[in-house]
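4 protein chains.
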Amino acid sequence: MKKSTTVEKIKAPELITSGWLNTPQPVTLASLRGKVVLMHAFQMLCPGCVQQGIPQTQRIFDEFDPDRVAVIGLHTVFEHHEVMGRDALEVFAYEYRLRFPIGIDKPNEQHSIPHTMMTYHMQGTPTTILVDKTGHLRLHKFGHVSDLLLGVSIGTLLAEEVSDEELAAGSTDSAGNESDTQPGCDADGCRV
Amino acid sequence: MKKSTTVEKIKAPELITSGWLNTPQPVTLASLRGKVVLMHAFQMLCPGCVQQGIPQTQRIFDEFDPDRVAVIGLHTVFEHHEVMGRDALEVFAYEYRLRFPIGIDKPNEQHSIPHTMMTYHMQGTPTTILVDKTGHLRLHKFGHVSDLLLGVSIGTLLAEEVSDEELAAGSTDSAGNESDTQPGCDADGCRV
Amino acid sequence: MKKSTTVEKIKAPELITSGWLNTPQPVTLASLRGKVVLMHAFQMLCPGCVQQGIPQTQRIFDEFDPDRVAVIGLHTVFEHHEVMGRDALEVFAYEYRLRFPIGIDKPNEQHSIPHTMMTYHMQGTPTTILVDKTGHLRLHKFGHVSDLLLGVSIGTLLAEEVSDEELAAGSTDSAGNESDTQPGCDADGCRV
Amino acid sequence: MKKSTTVEKIKAPELITSGWLNTPQPVTLASLRGKVVLMHAFQMLCPGCVQQGIPQTQRIFDEFDPDRVAVIGLHTVFEHHEVMGRDALEVFAYEYRLRFPIGIDKPNEQHSIPHTMMTYHMQGTPTTILVDKTGHLRLHKFGHVSDLLLGVSIGTLLAEEVSDEELAAGSTDSAGNESDTQPGCDADGCRV
Chain A
1006 MKKSTTVEKI KAPELITSGW LNTPQPVTLA SLRGKVVLMH AFQMLCPGCV QQGIPQTQRI
1066 FDEFDPDRVA VIGLHTVFEH HEVMGRDALE VFAYEYRLRF PIGIDKPNEQ HSIPHTMMTY
1126 HMQGTPTTIL VDKTGHLRLH KFGHVSDLLL GVSIGTLLAE EVSDEELAAG STDSAGNESD
1186 TQPGCDADGC RV
Chain B
1006 MKKSTTVEKI KAPELITSGW LNTPQPVTLA SLRGKVVLMH AFQMLCPGCV QQGIPQTQRI
1066 FDEFDPDRVA VIGLHTVFEH HEVMGRDALE VFAYEYRLRF PIGIDKPNEQ HSIPHTMMTY
1126 HMQGTPTTIL VDKTGHLRLH KFGHVSDLLL GVSIGTLLAE EVSDEELAAG STDSAGNESD
1186 TQPGCDADGC RV
Chain C
1006 MKKSTTVEKI KAPELITSGW LNTPQPVTLA SLRGKVVLMH AFQMLCPGCV QQGIPQTQRI
1066 FDEFDPDRVA VIGLHTVFEH HEVMGRDALE VFAYEYRLRF PIGIDKPNEQ HSIPHTMMTY
1126 HMQGTPTTIL VDKTGHLRLH KFGHVSDLLL GVSIGTLLAE EVSDEELAAG STDSAGNESD
1186 TQPGCDADGC RV
Chain D
1006 MKKSTTVEKI KAPELITSGW LNTPQPVTLA SLRGKVVLMH AFQMLCPGCV QQGIPQTQRI
1066 FDEFDPDRVA VIGLHTVFEH HEVMGRDALE VFAYEYRLRF PIGIDKPNEQ HSIPHTMMTY
1126 HMQGTPTTIL VDKTGHLRLH KFGHVSDLLL GVSIGTLLAE EVSDEELAAG STDSAGNESD
1186 TQPGCDADGC RV
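Protein chains in written order, with the working numbering: chain A, 1006 to 1197; chain B, 1006 to 1197; chain C, 1006 to 1197; chain D, 1006 to 1197.
Possibly wrong hints are sitting among the right ones.
The list treats identical chains as interchangeable, and a pair is accepted whether it falls inside one copy or across any two copies.
What the hints assert, rightly or not - Once the Cα atoms are required to be at most 35 Å apart in a straight line, the calculated DSBU-like pairs of lysine-lysine come out as:
no. : residue 1 : residue 2
1   : K1016     : K1111
2   : K1111     : K1138
3   : K1014     : K1111
4   : K1014     : K1138
5   : K1016     : K1138
Note that these hints are calculated values from the structure, not bench results.
Make the full structure from the sequences, and use the hints.
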């Protein structure tokens, strides 16, 4: 399996959101220390997200113990903002029966790309992100990730034993995946 | 195969639309006499439509000679109207690479159910409709229709030889499928 | 849809078999006049047959009225004869829960290709054959046929009205599909 | 995820085979110390094996570094022995393009169940087994295992750091999964 998708030992930047669905209060990565975090960044009108990423995320949410694996969605709208607002997202989440918490990436007044998406240098949607028990970014991948690869990565992070010091510590830096291809949507996803 | 899905010898009511995508001018059933017409009624946020009905419709549009089988979509919004307007539908059709003509069922000021949907007594989305060469309604089914059944129905209608008189004639009446179950969405589709 | 797969107005040669499963007595095409006949020629160790053709054949057997569409399998072993004998086929049919009649194409002492397969000039397995109500060969295709195309073809043949004279008549000739590619197995099937 | 499928800290019994395919010499578990071992026990005419287990095994063989994850098949024939001999298995492996080493579980003169299958108390086919770097049995499951669960289990075992003493050591005992349901084949697999 490709090692290049693993970004080691960089602290996962905190989420910057303007709202949440399916949770009484906002979720922060800081609050999830001690758990493996799967974050699925998507757009509700991105075919690759709807057909593959979102069902996979729901499946993981259904299968894992929430005390060990936290699953969150992040609605990172970087195009067609006018038809993918919170009201549309709520209908989408309702019709597709999504039950995991979904954050709305905070829109950026200067760019089409919202804040968290920019901080993480995401290349588009869907993007799959894994954060380990100590809050470090361990997987950051644009496009579809197979169940097998995602399972291996989750299993690896679950197996790591973590000391109290490690849970408390952490430097601040952001991931460095740069886009090297053209913008637009295809079968895999929508690229910035 | 169940015969009950076939409604014989009722003239298919004309479409009542407020706009079209993927065609320079509105499509009428009257203009399609001599062809078998497959009409897929859907909502862009109906999971059963997005996952099964729309890909099937695009597949049929790609496979058949347009001079023999006309394929049209009909956006029959009966819920969440505020997030499934023309602007949202255009983004949806663009992102999903839909190329067949899509009519927008004309909204009804008195009801949530739009005009064509009401005229056809559709039970929800997706609904698959087949109109024969003479403009009669021959299949009217709510929920998923297998490729095999839909193929058999199209093949049957294609095989029918039609005289000029039959092409010209036609009585006016509407189909009579009454809803016998509860409203709401499930794996199959969204019911009125 | 490609017309080239349709061989029109050639009488389907009678089956030459050495045994049958799932039927108390041998099936002949002559006994099926008045019905559309779907024949699936396969080998029990051909991956394309096992993964696609056989499930499709069972599905058609389950869905259609046997008085209108007769479904039969034909075990056309042209390679590895020693491990695909009747005893192995019986286990295969039992384990895969096949319920349609399966003829065993009669082995040929001079060739590896059995008699019916040779008479029909089949290119390999799976091969899908449709015979119309009057006993004429109407579809003869090597490799996978989609449910949609197969449905259209069955629907077309079902729609044909047939006179008693036509049911009684028929010239004798065989189909003429010649192999134009290399022998061997691939994802689609196994070629002679 | 169910913990009950994990059998911890029992040494995986050595394989007892009468032959191998796809390897110049027999494979022993002892020779694989330091690697995670995935063993897929199957029968070539078991539908659940052919449709799910074998493609999954081939996929894992293709995706993982063979120095970290060793993949082996085990042909555990417990029924219809006369049509699933070595000659038939060779044709099956050839036609399905299987490339991982496949051991033939040694037939038992007293029972229909072969030696390794009996030693492991397998309930039927397919059975998926994971052995850790120190040779201990860690997953032992009858029926289909999802890519997600299997990935998590492999990832967990890959993450374990192992000392030289642990690699050298090991007690001898066998797993204890007892069959609690009826024999026969269904969609999941074939039960003893």
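Cross-check of the supplied hints:
In this assembly of identical chains, the alpha carbons of K1016 and K1111 lie at most 35 Å apart only when taken from the same copy (20 Å versus 52 Å across copies). When the C-alpha separation of K1111 and K1138 is checked against a cutoff of 35 Å, the pair qualifies only within one copy, where the shortest distance is 25 Å, while the shortest distance between copies is 46 Å. Proximity of K1014 to K1111 under the C-alpha cut-off of 35 Å is restricted to the intra-copy arrangement: shortest distance 26 Å within a copy versus 49 Å between copies. Proximity of K1014 and K1138 under a CA criterion of 35 Å is satisfied in both settings, with 12 Å inside one chain copy and 26 Å between copies.
When the C-alpha separation of K1016 and K1138 is checked against a cutoff of 35 Å, the pair qualifies both within a copy, at 11 Å, and between copies, at 31 Å.
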